[in-house]
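I would like the entire structure built from these sequences, with the hints used as guidance.
Number of protein chains: 6
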Amino acid sequence: MFNDPVPTVFQEMTWEEIAAAARADTPIVIPVGATEQHGYHLPVCTDWVLPERIVREAGRRRNLIVGPFLPFGYRSRPGSGGGQHFPGTVSLRATTFMSLIEDVLSELKRCGFRNIVLYNWHLENSGFVYEPAYLVSERNPELKIVVIEDVNPEFTPQRLNAVWPQDFPGLALEHAAVIETSLWLYHEPSAVRTDRIAADSPQRVVNHDVVPIDTRMSTTSGALSSPVPASAEKGRLLTEWLVERLITIVDDEFPDRTPI
Amino acid sequence: MFNDPVPTVFQEMTWEEIAAAARADTPIVIPVGATEQHGYHLPVCTDWVLPERIVREAGRRRNLIVGPFLPFGYRSRPGSGGGQHFPGTVSLRATTFMSLIEDVLSELKRCGFRNIVLYNWHLENSGFVYEPAYLVSERNPELKIVVIEDVNPEFTPQRLNAVWPQDFPGLALEHAAVIETSLWLYHEPSAVRTDRIAADSPQRVVNHDVVPIDTRMSTTSGALSSPVPASAEKGRLLTEWLVERLITIVDDEFPDRTPI
Amino acid sequence: MFNDPVPTVFQEMTWEEIAAAARADTPIVIPVGATEQHGYHLPVCTDWVLPERIVREAGRRRNLIVGPFLPFGYRSRPGSGGGQHFPGTVSLRATTFMSLIEDVLSELKRCGFRNIVLYNWHLENSGFVYEPAYLVSERNPELKIVVIEDVNPEFTPQRLNAVWPQDFPGLALEHAAVIETSLWLYHEPSAVRTDRIAADSPQRVVNHDVVPIDTRMSTTSGALSSPVPASAEKGRLLTEWLVERLITIVDDEFPDRTPI
Amino acid sequence: MFNDPVPTVFQEMTWEEIAAAARADTPIVIPVGATEQHGYHLPVCTDWVLPERIVREAGRRRNLIVGPFLPFGYRSRPGSGGGQHFPGTVSLRATTFMSLIEDVLSELKRCGFRNIVLYNWHLENSGFVYEPAYLVSERNPELKIVVIEDVNPEFTPQRLNAVWPQDFPGLALEHAAVIETSLWLYHEPSAVRTDRIAADSPQRVVNHDVVPIDTRMSTTSGALSSPVPASAEKGRLLTEWLVERLITIVDDEFPDRTPI
Amino acid sequence: MFNDPVPTVFQEMTWEEIAAAARADTPIVIPVGATEQHGYHLPVCTDWVLPERIVREAGRRRNLIVGPFLPFGYRSRPGSGGGQHFPGTVSLRATTFMSLIEDVLSELKRCGFRNIVLYNWHLENSGFVYEPAYLVSERNPELKIVVIEDVNPEFTPQRLNAVWPQDFPGLALEHAAVIETSLWLYHEPSAVRTDRIAADSPQRVVNHDVVPIDTRMSTTSGALSSPVPASAEKGRLLTEWLVERLITIVDDEFPDRTPI
Amino acid sequence: MFNDPVPTVFQEMTWEEIAAAARADTPIVIPVGATEQHGYHLPVCTDWVLPERIVREAGRRRNLIVGPFLPFGYRSRPGSGGGQHFPGTVSLRATTFMSLIEDVLSELKRCGFRNIVLYNWHLENSGFVYEPAYLVSERNPELKIVVIEDVNPEFTPQRLNAVWPQDFPGLALEHAAVIETSLWLYHEPSAVRTDRIAADSPQRVVNHDVVPIDTRMSTTSGALSSPVPASAEKGRLLTEWLVERLITIVDDEFPDRTPI
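Going down the list, the protein sequences come from chains G, F, Y, P, W and A. The numbering used here numbers the first residue of the first sequence as 7 and each following residue consecutively. The numbering used here numbers the first residue of the second sequence as 7 and each following residue consecutively. The numbering used here numbers the first residue of the third sequence as 7 and each following residue consecutively. The numbering used here numbers the first residue of the fourth sequence as 7 and each following residue consecutively. The numbering used here numbers the first residue of the fifth sequence as 7 and each following residue consecutively. The numbering used here numbers the first residue of the sixth sequence as 7 and each following residue consecutively.
Since the hints were made in silico from the structure, they are not lab data. Glycine included, every Cβ here is placed at the ideal spot set by N, Cα and C. Be aware that one or more of the hints could be misleading.
What the hints assert, rightly or not - To list a few chain Y residues with every Cβ distance to chain P over 10 Å, as calculated:
1) R66
2) N69
3) R99
4) N167
5) H193
6) S237
7) E259
Stated by the list, open to error - For lysine-lysine, the following BS3-like pairs were computed, each having C-alpha atoms within a straight-line distance of at most 30 Å:
8) P:K115 - F:K115
9) G:K150 - Y:K240
10) Y:K115 - G:K115
11) W:K150 - G:K115
12) F:K115 - F:K150
13) A:K150 - A:K115
14) Y:K115 - W:K150
15) W:K150 - W:K115
16) P:K115 - P:K150
17) A:K240 - P:K115
18) A:K115 - P:K115
19) A:K115 - F:K115
20) A:K115 - F:K150
21) G:K150 - G:K115
22) P:K240 - F:K115
23) Y:K150 - W:K115
24) Y:K150 - Y:K115
25) W:K240 - G:K115
What follows is the structure, encoded as structure tokens:
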């Protein structure tokens, strides 16, 4: 922390620096995450640390502020995050999560920001990110809020082949698997318990949910497909694609504001 | 109404008939919808009438109760429902919508039902259907609640070809388009303003949202792709596939309860 | 459905038709009901279907829109609706019910309507209909919202004699009794289980409540007084009086808007 | 205050005295009121002071505790309380009012009370008193909660004649009129601005509401009918009838608990 | 009640008198209290009656209105109020308490008041008084709201010596002790069970909390330190100091409004 | 991150490691903070980073888990945090903040933890930390939750002299001043803009609040007293005292659980 030459990370800045950025109409990108089990080999902070790293990288290439990250998200669901039966997952009720985003947006508006991006890593947050953005927008139509609930880059056949040369389990099962493990290996390898990496897959894959949770829709380890093919080099590639998509959106939505 | 030989539609039954069905542990399937613009040619009730028809059809083939339908849903989003700027759309806040489902589930539990399915037609409701099911399940673990937030049947290549022989715009743009128009033409053709059917498509198709709404992500008519290829025969086919998927889930999740 | 020559039923209209009605400042009348047991012989949809029929009839005589009906209401109380111990009754908490009305009003305002009537059939909803109307009015003083929590027409001695020639049990006990049974017999006789019509009356009639529910304040059948004297002809008469009162209010409150 | 020989008023008792009363299963009667304009001649505390006096009087004749009074109520409506446009009226939102009662009931339960009466003076509170009682009862079925939302005694023809020998305007218009003025004259005459007593009546009497408020449904003074015929002697009579009804209910509902 | 020559007590005034005071921009001071155990010797109304008396006294010296008192407060904590395990304490949840204040402030604003003071006696209310004041201020920046969460006067060494000539236990333990007992002895001696006054002190005094409550942090009697040294004369002195501080604040914050 | 030999930081652990710690009944200490302006020279993350460092240090000496930190707090008040008028401060509404803590506690309980400490750095959070702890405790009396709303160590005369040898402004004004600046200088000196350190003090110091904010109760810089005397050595001393107090509490409250 505190090592970047130009201060662009909200939490590391002083109020004067933040006020100056807001006055300049700099876009601010809020990493939205979760505290959630990520298998035997990844820490529970995965869903908020990784998007924060991606946004920091984007901040090195474009004029934007890395907003205050949200370390808690909506409940984990078996088919996308393993499910609420795992210890280590610390989820919010829908109402709490939406109020939290609503307040952060209202306060950033008060700080003077007008160009805001919500950059969401945790799939289960979908919908619950849009609603508070909508509510704040109703009261503050002068803001422009961009809601990216699915941060995945376009996976062209070449890209699919580069990351999953053998068989692609589908993005739905990419929890604690190749993408996230590769990104950690690239950004912070000390976080990965490499000796605990092992293949896994759900016994039952369906497109509906059941409560109480049917644990056959999740896995024993918590990884929904195999993290074995992960590598730091893939993490570098994925970072490139993720950053590229984010800065494309920022350039498109705030055309006058992003040259660095 | 009131014409089915055996009473299976909750709203048309007396309390004694309902009590008997609950005592028999009959599964109950709740159509979850919305009141939302559906282009120049379809009525705003589309999202709650169509799933009600599908569940009624399933009720003719399996032992289940057509639960009380929910005619209001979460806010329409431009890329999936046209957006909140259309008159005719009557949406609920997320908190209202979730409370509504929570109460209906709690009351069905009080009525004695233990096997409940939430059958959701309106894509924007996703997440907001799961949360109240989860909350009610926490308090009533003896219930089994199945949450189908995406009712689409599997679209095999043959099926895709049968419905969209020319070019398939993608399910994301299937709002007030071929699927829904065909279903109306099959189930209630008088509801379709056939002279107002016309092709349309959004100027801008992206995988993120913006508030205030960027109307280029929606269309002028409110239909997100062309309803022109719709037909009653396709409506019959689609009904078959939808019903088949629903009864498969009901059979799988409540194996002892569904023979008619 | 969909058979009326001129579209006046919100749920059956397209968004363009709705937008035109709103632009013309047409009054919109929302049937507010409940899903509640109605004795051995009437379906649980009674409280939302009947007011919808009355408003439709009024729509044939005056220029108004039949608004989106609300099929769920506040909790049933023993002395007016039989009570929450009956299966088949699906009630909302007060907070949910009020939020639902608040959202529907806000959305109708967004659609462009300025003249709104809440037409409530379920006595227990009283107060809970007024509050959301008040809240929406505070934020939108340009709307005019008429709240009819008690839809009963004036029962003159002649009218009382026409409907209850023998003995009048009082309006308080008119649940699933002469009025509602007669209206069903007139509007949709197939909904009435005529073989299950039987007299009933509460063991205890008092002007206070007790929780947990004292079932002596309700009845075994759920009808609070005898439906035996009901007839289709009485249903026709009652429809006349109900429609007459509604259109009188609409004429008085929106004098420039109601000629058909 | 503090003058009663045996302590029976909750707010004037010590915690030990309260604990002893709760251990003895003594019924506790909570006066529920409002802070609301009461014409030119009565103070705004009318709706919570008067029921408190009635319950105190009942406490002299039966073994019961005068519970903590609630000095705030739900919004005033023109036809029953004059309406929210008067200064001096301090009303609660429905949600606040219901939460307040819910908390007071929960706390009395924690104190050990099992026999509770809600004694409501302010007509607009109806429904909003029942709901929190219901919610607390669901969680604490061992409590018995009696809800008296309408405290009026039976007005037999003789009684009507005794109070309104000339013409009876109807109970609906009895706001700041004969009943309340007489009760003040009997219990605390210094509270009445006798020189400001004057007849009044609404320009428009209907059985529906309008928001924004139609002030013709209220009056200039805030009294909805004439207080001129009020007298201390009528206040004594009314007190008798009110107390008699209350103790009858208490005797009926808690037969083993009320001998003094 | 009702004995003051000039009406200055909100609850005892008519709406016209209140309207006149508001039009004159008279400051209004709301006593904020609690219903809470106060040892063996004091009534549970202590926390709302005492501040009401102080504000009344201030009202005799300055031009201000004694606002509607709030008889319920936030939960009692062992170290400051004895704790929630005592019967007799009737506390509100934080959300209820804040909503109550929010509504009262909103209504006083509607009545026309612009200069409002919240005068809080119950230490546990701290924070929960500020929040609703903040929320109402956001919506009504034309109001000036003064929040006094700690009403204690400055305790100079002389004053400390006058009240606690022997040993001063600290203000933190001044619950149902010298200050409150002295004030009752001065203002309403009949409220004090003098025969039940006895020394007490907690077994454990720490600066953190534990839930479930550690009763060693409270006392058996509910008084947190000894009320034995209390006297009516000390009550007179304390009244002087409390009133002096209140009128100093009122003079400072509303300089043009307070001459009597 | 991720450098500690034994994993004790919740966010850096895998779910299996967390599950093991919970099974062993290890106490978990949650740093509760805020995102708030801290003068010209400190970053806005001060209030959540510093307590996290203190708890980490305690974790090196006792067997405890550093729980998931809360980076957002309740609104800043002028006299303790500078006030809500500063850009950079990102506060939550009281209701959001309490829901957030409630959810985190509920989830830690689900994870299996039974010994929980809330370690709060931001004074304005007081009360709002206790309430959610109370609510969760009511539902889960098997948990023991310790609430430290004021983390300050005892400041003996020697300690006061060591930190403020010249003049001590009082703890109330210790915002962005000697304590916090010294701690940063000791733990992460790169975070301090040393060239921006400058003395400051409020124009008006009172013991009440005013809304809208009276900025004279805060300062221009946001530091409420002078940070000039800060030093890394003082930061080391303060860390010792803070850690000592925390581990004393942990040892006292969980005597069987804390040997390392």
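Taking the hints in turn, this is what the structure says about them:
The Cβ of R66 (chain Y) sits about 22 Å from the closest Cβ of chain P, beyond the 10 Å cut-off, so the non-interface label holds. A cut-off of 10 Å between C-beta atoms confirms that N69 (chain Y) is not in contact with chain P; the least separation is 20 Å. The claim that R99 (chain Y) is not at the interface with chain P is violated, since a C-beta of that chain comes within 10 Å of its own (minimum 7 Å). The beta carbon of N167 (chain Y) sits about 22 Å from the closest Cβ of chain P, which is more than 10 Å, so the claim that it is off the interface holds.
The claim that H193 (chain Y) lies off the interface holds: its Cβ sits roughly 23 Å from the closest Cβ of chain P, which is beyond the 10 Å cut-off. No beta-carbon of chain P is positioned within 10 Å of the beta-carbon of S237 (chain Y); the least distance is around 27 Å. Annotated as non-interface, E259 (chain Y) brings its C-beta within 10 Å of a C-beta of chain P; the closest such distance is 7 Å. In summary, the hint linking K115 (chain P) to K115 (chain F) is supported, as the alpha carbons are separated by about 27 Å, within the 30 Å threshold.
Note on K150 (chain G) and K240 (chain Y): the hinted pairing is violated, with a Cα-Cα distance of about 59 Å set against a maximum of 30 Å. Note on K115 (chain Y) and K115 (chain G): the hinted pairing holds, with a Cα-Cα distance of about 27 Å set against a maximum of 30 Å. Distance hint between K150 (chain W) and K115 (chain G) is fulfilled; the C-alpha atoms sit about 24 Å from each other, no more than 30 Å. For the proposed pair K115 (chain F) and K150 (chain F), the alpha carbon gap of about 10 Å is at most 30 Å, so the pair holds.
Distance check on the hinted pair: K150 (chain A) and K115 (chain A) sit about 10 Å apart at the alpha-carbon level, within 30 Å; holds. For the hint pairing K115 (chain Y) with K150 (chain W), the CA-to-CA distance comes to about 33 Å; that exceeds 30 Å, so the pair is violated. Taking the CA atoms of K150 (chain W) and K115 (chain W), the gap is near 10 Å; set against the 30 Å cutoff, the hint holds. Proposed proximity of K115 (chain P) and K150 (chain P) is supported: the alpha carbons are some 10 Å apart, at most 30 Å.
The suggested pairing of K240 (chain A) with K115 (chain P) is violated, with an alpha-carbon distance near 52 Å, which exceeds 30 Å. The straight-line distance between the Cα atoms of K115 (chain A) and K115 (chain P) is roughly 27 Å, inside the 30 Å bound, and the hint therefore holds. The straight-line distance between the Cα atoms of K115 (chain A) and K115 (chain F) is roughly 27 Å, inside the 30 Å bound, and the hint therefore holds. Distance restraint check for K115 (chain A) and K150 (chain F): the Cα-Cα separation of roughly 24 Å lies within the 30 Å cut-off, and the hinted pair is therefore satisfied.
A hinted pair counts as satisfied when its Cα atoms are at most 30 Å apart, and K150 (chain G) with K115 (chain G) qualifies at roughly 10 Å. Of the supplied pair hints, the one linking K240 (chain P) and K115 (chain F) is violated, its CA atoms being roughly 52 Å apart against a limit of 30 Å. Restraint check for K150 (chain Y) and K115 (chain W): the C-alpha separation of about 24 Å stays at or below 30 Å, so the hint holds. For the given pair, K150 (chain Y) sits about 10 Å from K115 (chain Y) by alpha-carbon distance, which is consistent with the 30 Å threshold.
With a C-alpha separation of about 52 Å, the suggested pair K240 (chain W) and K115 (chain G) falls outside the 30 Å cut-off, and the hint is violated.
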